[in-house]
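Novice: If you're matching them up, the sequences are chains A and B in order. Quick note on this note's numbering: the first sequence kicks off at 3 and runs consecutively. Quick note on this note's numbering: the second sequence kicks off at 5 and runs consecutively.
There may be inaccurate statements among the hints.
Derived DSS-like pairs: lysine-lysine, alpha-carbon spacing no greater than 25 Å straight-line [as the list claims (entries may be wrong)]: (1) B:K77 <-> A:K24; (2) B:K132 <-> A:K10; (3) B:K137 <-> A:K24; (4) A:K39 <-> B:K132; (5) A:K57 <-> B:K144; (6) A:K39 <-> B:K178; (7) B:K74 <-> B:K160; (8) B:K132 <-> A:K57; (9) A:K10 <-> B:K178; (10) B:K175 <-> A:K57; (11) B:K189 <-> A:K57; (12) B:K175 <-> A:K10; (13) B:K175 <-> B:K74; (14) B:K132 <-> B:K190; (15) B:K175 <-> A:K24; (16) A:K39 <-> A:K10.
Only some residues are given here: those of chain B computed to face chain A with a beta carbon under 10 Å [as the list claims (entries may be wrong)]: (17) F22; (18) Q30; (19) Q71; (20) K74; (21) D134; (22) Q139; (23) R155; (24) F158; (25) D174; (26) T176; (27) L188; (28) Y192; (29) S195.
For the record, the hints were derived by calculation from the structure and aren't laboratory data. Ideal Cβ positions, reconstructed from N, Cα and C, are used throughout, including at glycine.
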Amino acid sequence: MNQEIFEKIEAYLQGRMSVEEKEQFQQQLNQDPGLQKIMEEQLALTNAIETEGLKNKLNSIYDHQFGTHKQKGNVIFLKRFRPILAAASVALLVLAAWLIFRNTEQPNEQLFSQYYERPAGLPTTLGIQTNEAFSEGMIEYKLGNFSEAQQFWLPLLAQFPENDTLQFYLGINYLELSQLDSADNYLNKVAEKEESKLRMNAKWYSSLVQLRQEKKDEAFSTLSEIALDTNPFQAQASALLEELSEN
Amino acid sequence: MLRVLQKSKKELTDQDLFEGLLQNDQATFEYLYKKVYPMVRQQVHQLGGQEEDARDVFQEGLIATWQNAKSGKFQLQNNTKLSTYLVQVCKWRWLEKTKKASSRLEHQMEEMVEVGEAPSVLTRWLEKEDQQKFQTQFEKLSERCQEILQRFYFAKESIHHIAKVFGLEDKTAKNEKYRCMQRLKKIYFNSSMDR
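Generate coordinates for the entire structure from the input sequences, incorporating the hints supplied.
Specialist: Here you go:
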């Protein structure tokens with residue numbers, strides 16, 4: 003049998019033929035018992051391959067979901083089918099990623115602008131806020147001159163590397179400049195500080211950054227943390243979660 | 005919060021599930037396993053079976069349902085839920101296996117008719133020996149061949165996608181798949197003749 007016939011049979015079996023092609027091929031099948039037999043063998047083989055795939059798939063689902071006991075057969079099966087399992091799990095990951103991201107590109111950007119409101123900034127009276135460079139930066143920030151604000155604030159990091167107020171506003175500033183990775187970096191530092199008053203603020207904005215980065219899963223879990231806690235962002239976080247789970 | 009999380013995992017309709025079966029959709033298999041297996045397990049336990057029996061019966065039942073969906077023997081009907089059908093198939097399978105109380109089996113078969121299927125056309129069970137023999141032969145192929153065939157026929161990936169994964173031209177991937185199938189055919193049908 004040559005490849006041409008093989009491909010033809012496959013197109014027929016997978017329903018990829020036009021009506022005309024199909025009729026013609028069926029006629030051929032009727033007239034040629036040899037061809038009929040080849041087709042049946044091909045069908046039997048592809049069915050067996052599929053069944054084998056499904057068997058493996060079901061075993062692996064069982065092992066993941068319900069497998070508290072080990073079966074000898076499974077270990078051998080796992081060894082033998084590691085490549086296929088790996089392929090299957092890659093396929094699964096791709097599928098999962100696709101399911102998560104397929105129609106989120108536009109909506110997430112929309113959600114971001116719907117929920118994002120820039121923090122108003124601080125009156126410059128306390129702590130680091132009495133620092134002259136910080137105050138200058140804050141004035142620029144309030145005026146919407148984010149590049150300028152950055153020029154005042156970045157050098158301050160050397161002096162106050164762990165200052166949460168500085169980190170927070172730098173994070174927001176980077177967000178305004180659409181430098182999302184840096185934004186996420188600084189906001190996360192604040193979000194991890196148990197004692198910081200800005201902790202929840204940082205979490206909230208961090209979830210919005212993640213949304214803009216199309217990291218829907220991460221945004222989801224950050225928002226869940228906010229929504230489970232009593233804080234000023236709880237209601238917003240819950241509302242955004244609802245929207246996210248709908249699209 | 006819980007409500008939100010649950011909501012994010014959408015309930016699949018019977019139509020979704022049926023189409024998922026036809027497409028060998030991995031998520032559909034997982035969904036059915038998670039949702040229906042606990043019911044089947046409970047049923048098998050009640051009828052005197054163990055965990056492993058439940059597992060076997062469920063997998064055979066799901067494979068039979070999948071095969072029936074593909075062959076057209078099982079079609080969605082308004083009065084039958086897919087999960088109900090699957091549970092019944094599994095129950096029937098277990099009773100058939102144990103050959104317990106043949107009158108009860110008959111009764112079960114009547115129930116199946118009510119569900120909308122004559123038992124005679126209900127199911128071609130996975131013949132374990134046949135499939136075992138196939139598995140043995142399939143494993144004689146190179147791992148690369150096994151993977152290509154599984155990706156194409158089970159996971160239903162396109163040739164274009166497979167070509168990309170292996171860093172090949174589409175045409176080359178297509179030829180390679182053909183050669184793998186020829187090899188498998190030769191191994192498998194030759195071994196069948198030895199029987």
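Novice: Which earlier hints can't be squared with this structure?
Specialist: 2, 3, 10, 13, 17, 25, 26, 29
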